[in-house]
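K.L.:
Spelled out from the first residue to the last, the chains are:
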Amino acid sequence: MRLRASILAITASLALSMAAPAGAQDALRIRLNADIRSTDPGVNRDANTDGLMWHVLEGLVALRADATIAPMLAERVDVSADGLTYTFPLRRDVRFHNGQPLTAADVAFAMERYRKRETNWRCRGDFDSDVTRLTAVETPDPHTVVMRLEQPSALFLTMLARPDCGQAGIFHRDSLNADGSWRAPVGTGPFRLGEWRRGQFVELERFAAYAALAGEPDGLAGNKTPMVDRVRFTIIPDDAASRAALLAGNIDVLPDARTRDLPDLRARPGMSVHSSPSFDLQIILMQTNDPVLRDVRMRRAMALALDVPELVRAVTEGSSRPSRAPIPVGSGFHTPAMSVVPPRDLAAARRLAQEAGYRGQPIRIVTTRRYEAFYEIAVLAQDMLRDAGINLELEVIEWATQLQRYTRGDYQMMAFGFSARLDPSLSFEMFTGPKATQPRKAWDNPEMQALLEASMRETDPARRRSTFEAMFRQLMEDVPVVALYSSVTHAVTPAHVQGYRTWAVDAPRAWGVRVQR
Amino acid sequence: MRLRPNLLIGGTLLGLVFAMAGTALVWTPHDPVRTNLRRRLVAPSRDYWLGTDEFGRDVASRLMEGAVTSLSVAASTVVVALVLGVAIGLAGGFLRGWTDRILGAVNDTLLAFPGILLALGLLAVLGPSRWGIVLALGLAYAPSVARVVRGSVLSIREREFVEASRALGNSERYTLLRHVLPHTAAPVIVLATSLFGWIILSESALSFLGLGVPPPAATWGNMLASARPFMDKAPLLSIAPGVMIATCLLGVNLLGDVLRDLLDPRDEA
Amino acid sequence: MPGACGCSAEVLSYVLKRLLVALPTLLLVAGSVFFLMRLIPGDPAIVVLGDAATPEAVADLRIAYGLDRPVLVQFALWIERALGGDLGRSITSGEAVGPLILQRFQVTAAIVFASVGLAVLIAVPLGMIAAWKQNSWGDVAAVAGATFLLSIPSFWLGLIFLLVFGLWLGWVPVVGYVTFAEDFWGALHYIVLPVATLALIETGVLIRMARASTVEVLRLDYVAHARAKGVPEWRVLARHVFPNAFAPTLTLIGLIMGSLLGGIAVIETVFTLPGLGRLLVEAIFARDYPVIQGVMLFIAVIYVVVNLVVDLLYPVFDPRVTAG
Amino acid sequence: MTPVLAVERLSIAARGRRVVEELSFHIAPGETLALVGESGSGKSATARAVIGLLPPGLAPDGGTIRFEGTALTADSAALRRLRGPGIGMVFQEPMTSLNPAHRIGAQMEEGLALHTRLSRAQRRDCCIAMLERVGIVDPASRLNAFPHEFSGGMRQRIMLASVMLLRPRLLIADEPTTALDTLTQAEVMDLMTGLAREHGTALLLITHDLGLVARYADRALVMQRGRAVEEGPAAPLLDNPREPYTRALVDALPRRGPARPMAAASAPLIEARDLRVTYPKRGALFRRAEMFRAVDDVSLAIHPGEVVALVGGSGSGKTTLGRAMLRLVPCSAGQLLFRGQEVTQRSGPALMDFRLGCQIVFQDPYSSLDPRMRVRDIVAEPLRLPAGMPVGERHRRADAMLEEVGLDGLGARFPHALSGGQRQRVAIARALVRDPAFIVADEAVSALDATVRKQVLALLREQQRRRGFACLFVTHDLGVVEEIADRIVVMQGGRIVEQGPRDAVLDAPAQDYTRALLAAALRRPGVRQAACGRRRDS
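Protein chains in written order, with my numbering: chain A, 432 to 948; chain B, 17 to 285; chain C, 2 to 325; chain D, 256 to 793.
Some but not every residue of chain A turned toward chain B, in silico, with C-beta under 8 Å: (1) Arg800; (2) Val810; (3) Leu811; (4) Asp814; (5) Leu825; (6) Glu829.
Computed from the model, here is a short list of chain B residues facing chain D with C-beta under 8 Å: (7) Glu176; (8) Glu179; (9) Arg182; (10) Pro198.
These aren't lab readings, by the way, just hints derived from the structure by calculation. Cβ atoms here follow ideal geometry from the backbone N, Cα and C, with glycine treated the same way.
All chains should be modelled from the sequences, with the hints used to inform the complete structure.
P.N.:
As C-alpha cells, this is what we get:
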C-alpha cells in the first residue's frame, strides 16, 4: 500500500510539477475535470464554467445552500403585494474589480445585455415565458433597481439566482469590447480572473476590496470573504490522476472524488471527506405513448419489479439515499411523505404485466456509457425486471444521440439524469408537460400541469408543499418515470485545508477556505 | 521453409479461437450478460475461471462470447469489403478513363477518412448494431481492396495473354471475367487474410472508444474499455481480452504468411 | 530529373500542381464530412444546453451558430471562410478551430514523429540484417518477433505498459501532458510510453517490410557486381542495398505517418493525451461541427502533404523515380 | 605458363542435386574461353563459383579453383581482395547490374578507392578516360548521371568500364549481350574483347550463342546438364563438331533456305497506307507530354501466302507496326485495308470479321498464355468465335491442332508444366486453330534456346506451307530471317528504310543501316568471314 502511495505520489508530482510552478504555496489548488468554456456568464457555459464564474460575478440575489434565495448585491428584495413589482435597493459598499462603485445603471446595463437576443443568454426565454415575463428594468435612482413582471411568479428570484444563468451576474461595462462582444469579466465577486491557460489551469486572484456580507457562508450567499491570495483551478481530466495528485499534495481540493475511491481516501491520515447530496436526479423515463407502456398497469409492474434501494445501493455504493420523489432530499420541499419507497413486489409485478397483456415482447431501454451511472442503472434494471418476466433490451447509444432522442421523446424507456433544479416547481416541470408541444416531457397529465402552473405562481411555501405532495401521489399512480436518487458529491481535502464545504450544487467554492501549512 | 511451423502455430491459435467461439454458440460456463451485484470483481476461482467483471459477469464466458462477436463481425466485414472493393477495383482498372478517375477520387476520399468517423456516422444513421459496424468497416476497408484489385488488374491487363484474348476478338467483358478476374484472386485472398486481422483490431479499437458493437454484448474491445478503470484492482480484466485479440491476430497473420507464400503472384513468373 | 537535381522552381511548380490536383479530393472530404455530420442524430445546440434546454433556447442557439440556415448555404459559407483560412469557432469551447487544431496536432505530431523515427531506426537495420542472414535463426526470430508485435493491439499494449510501468513500477506518469516548449524533460516523461507503444507496433510492420525489400534487392545483379568488385560486405549493405531496399519502405513509412498523424485517437485515449485524435472523437461526441469539419479537412491535407513529401523524397533513394 | 584460372573437378550442388558435375577447365593469360550451353547447362553457376558469388541455395560440392596457381576458398578475405583487380565480372542484365541509387561516377570510383591508392582527382580522371574508351560521349559530365538515364547498351558499356578500370587479369562475362539487340550486341562484344586484349585480360565468356563463340572465342567448352561435352579451339570445334550435342547446336544456327517463287501479283491481303501510331513521350515531367511517332506514315502491303520479315533494332517501331496492323494499338492516321476493305474504323461485328482473319504469336511464351487455363482450353478458346461450335467439337479440334504442333496428349496440362518451346507451340496452335489468313509473329522465337528455336521455326514454316497464311515476321535478328522470309522490310526510327526480296536485301543491302544489321547478325560459322566484313563504326 505504501509503495502504491509513493508511486502515485511520484506520478502526480511529475504530473503537476510543471502545472504548478514555484510560488503556488499560498494558493488554493482545486481540481477541475475539464476546461471552462468561456467567461461569458450564462452564455457559453457548463457546470465547470458556472462554478468558476460564481467566484468572479455576483447577482442581485443568490442561492442559499437549501436552494432558497438571499439578497446579494441588493440590500433586500421588496415584492409588491400583487407580486408584479420587485424593488432591489443596492448595497452601497460594493465595488467592481476595477474599483468603480456599483450603481443601478450597471445593473440595468447588464440586464439589458442579458435580455438581448444577440447575447444568446441561456435564460432569456425563461424571463419571457408564460409563467414569468420580465417586462421592465427601471432605475428610479442610482441605488435602486425595479423590475416588473407581467404576472406573479414564484420562480422569478430563483431564476435570477440560477448558477446556469450566470446568476444574472452584474458586470461592469468594461467587461465588453467596443463592439459589445464579451471580453473578460469585471465583476464584484471575491476573486478576479487571473491567468487562463487553456487546457491547463484557470487562476483567480483575491479581490482585496471585496465587500463581504456579515455572517457565515451559505450556498452562494452569505459571507464570501476570500481567505487565500490565489486560487488555481488545475485541469486534470482523469479521475485516477486527480486522486494521485491529491495524495501527492499537488492539489488541495479534490472536489469530486469517485465513490469507489472513498474507503481508501478516508483511511489516509489527514484526509477529510465532505459529502452532501446534490439537487440532480437520476431517473428512469417511460414513454407513455408507447403501445406497450401506454398501459399504466405495465408501468406500475415495472416500478414494482425494480428493487430501488438495492439498485441505488449498487450504483452509488451506498452513498445516496433512494427516493422516488423528484424533489431532491436536500430540498426544504422534500417532505416525509415523499420519502416513502414502495417495496419490491415481484408477484404483483407479474400479475400487473399479465393484466396489461404483456407477453414477453422486448422493451428497449436507451442508455449511454458517457455517464456510467446511466449505464449501470439500465443494466441493473434489465436484470431486475427479468425476475418479473419483463424483457428489457439495452440500447446503448452515445450521449448526443440520447439527448436528441430525449428531446424528441423518441424512446420506450430511458435511463437518464436531470441536472440540479433549484426550485421544487422546476423539479416537477422538468418532466411534466404536454407531449404535443414538448415531446421531451414524460408526464402528460393536464390536471397536474394545472397544479404545476399554480405552484409556480404560489408564493406561500406551505401551500406549495401540499401541492407538491399531491403531485407526488399522482406521480406514483401514473408512473411515467421512476425517480431513483440524487447523487452525492464527495470532496476530499488534506489537513492543511480548512473550511472547505460541499453543497447541493457540485462545483467547488473557494471563499471561506484557508490554507494553513 | 518457415511454411510448416507457421501453418502449425497459426492454425493452432486460430483453431483455438474458433473452437472457443464454436463452444460459446452452444455452451458457456455462465450467462455472459447476466449480472450479479454480489459478486463484482471476484478473483478467479473454480466457479469463475477468470473472475468476474464490475457487474459480476463471468469473464471467461464473456471472452467466449466475444470470440463469436469478433469472428462473425470480422468475417461479414471482410465479405462486404471484398464485394465492394473488387467491384470498384475491377471497374476502375479495366474501364479506366473517366470511370477510373471518378472511382479513384472517391477511393482517395474514403482513404483519407478515418474509419472511426465513418463508423460513427453509419452507426448513428443505422442505429447501434453490429451490422452498422460491419457496413462501416466494410466501407472503410473497401478502398484498400479496390486499390489492390485495380493495381493487379492494371498489371494483368498489360500481360500478353490479355492482349491475345483481345486479338482473338473476345469481348472486353469476357476478357475481364475469364482472363483478368481469376488472377486478382491470389492478391485478394492474401489481402482478405490481412483484412480479417485488421478488422478484428479495428472493431476492438472502435469498441474501446465506445463506438463499437454496443454493450452489453461482449466484445473483446468493449471488455477492455470497461476494464480500464479497474486496471489496478483487477488487472486480469484488462489482460485477458488483449491476449485473446493478440492470439487471434497472431493466428491470422501466420496463416496469412503461409497463404502469401503459396499464392504470391510474384512466384508465378 | 527535378527530384534528383533539386531544381527548385520545377519542384515548386510540381508541388503547387500536386496541391491543386488534391483540391477536389479535399473538397469531397469536406463536403462528405459536412453532410454526413448533419445526417447524424444529435444537435450541437442540445448538447451544449443539456437536459434543461428549452426549445426556445435551442432555437436561439441554433440561430447563433447559423444552424438554422439551409445546409447548402451553411456549406457555402463554411467553404468561403475556410478558403480565407478561418475554420470557425468551436461550438463547445468557443476557441478558434485553426489554432485549436494546431495546438492539438503538436501533441500528436510529437508522438508520431518520435515513434515512427524510433521504429525506423530499430526496424530497418534489423530487417536488413535478417534478410542478409536469410533463413538463419536470427532471421526466423526477427520475423517471428515482428509477426508477434504486429498481432498486438496498440491500445492493449498501451494499457499493459501503463499497468506495468505506471502503476506497478511507477517509472513514468500515468496521465497528463506538458508541451516540449514548457518543460522538455517533463514532456519526455509523458510521451515515453505512448511513443514506446506505437514504436513497438510499427517496428513489427517495418521489420517485415524492410526484410522483404532487402531480400528482393539482394537478389539483384548490382549487389553481386559490388561484391565482384571486392566491396566489403558491410559496405555492400550500407551503400548498395540500403538505399534501394529503403525506397519501398519509405512508401510504407509515408502511409503509416499519414494514418497516424491523422489520429491516434485510441492511443491518446489510453494515455489521456490532448491530441488531434481525442479532439476529433470528443468533437464527434459533442457534435461540434466546426471542429469536426476542421479536423477532417486538416487530416485530409496531412494525407496529401505526407504523400507529397514521400514522392519528393523517393528520388533521393531511387533516382529512377522522378517525382511524377 | 601458369594458367590464370584452373578449375579441377568442380561440382556445384543445389539442395543435394548437382547442377555442375566434375567440371575441369583452364584459361591461359589473355586467352578467351567460351563456356557454351543452353539454359540449365550449369554454365552461369560455374562462372559465379569462380568468383565466389553463388546465389543462395547453390553451394560448391567438391573440386578446386586455382587463380594464378593459388587455390580459392569461398568467402575468404583473400578472395575478396582478388575480386576487382584479379577477377572482374560483367553481368547479363544491364537493367539491374548497375545500382540505380548511385551516380555512375561514384559506382565506378568505388573499386578504385578500394583497391588503389589513387587520389580522388586521379580516380576521377581514370573514370573519365575509361568512359571515353568505351564510347561514352562527354564522359566528364556523364559521371554525374544515374544509370537509368542510359540505354541498355550504354549501361553495359559503363559496366564494362567500371570492371576494366581495375585491370583484372580475368574477366568473367556472363551472357553479357543477351539482353541487347543485335547491333548493340556486336558493339559491346567488340569493345569487350578489345579491352581485354589491351589489358592482357583473360576472358571467360558464358554464352548460349554459338555465333558469339565463333566470332570471339579462342577456345570453347560445350556444356550440357552440368557436364562438359566437348572442348577445343573454337573454330575447328564449330566447323567439325565431334559430339552429337555440339552438332545439334551448330545445326540450329539459322541457314538460308531456297528462295520460293514469288506469288503472282495478286491483290494484297492486308495493306497499310500511311499508317501512323503516336505515343506521348515519357519523361517530360512538368511540361505537356509531346507526341512521339513510333510508326511514322508507313505503307506496307502483304500478299496472301507471303512471309514478310520486318527487321529493325530496338526502338525502330517494328513491334508497334505489327500490332497496329492487327489493330491492337490505335492508329492516329492512315488506313488499314484487309482484303481490300477499310478496317481502320471498324467496330463490333465488322471488327470481329477482321479479327477472325488475323492472329498473333507473341515473343514471350511465359506471359502470352493464361497461366490458369489448361492447354486444351487455351487452344480451344479461339473457336468460341464465331459462336455456334459445340464445346465437344471445339475440344476435338483443339486436340487435333495440338497433335499437329507436336503436343499430342499434353492438352490437360497447365502452361507452367511445359517447356519454353512447348509453350510457344501452344501459342502457335492457338493462333492457327481458326485458320487465319494473316499472322503476325512478334519476335516469336527470340526467347528460345537455339535448338528449340530451330524446331519452332521449322514448325512455323511447315504450317505456313500447309495452310498458306500470310505472315509478318517481326524480328531484330537477321539470321532468323534467312530461314523463313520471302521478303524483307527494314525499319528504322519508325520508317521503312529498305525492302525487297530476301536474297536481294541480304546479298546486296542498299542502306548502311541494313548493312550494319547484317554485319552484326551472327550466323553460321561457315559464313563467318563474310559476316565479319569491316563495318564502319557508327
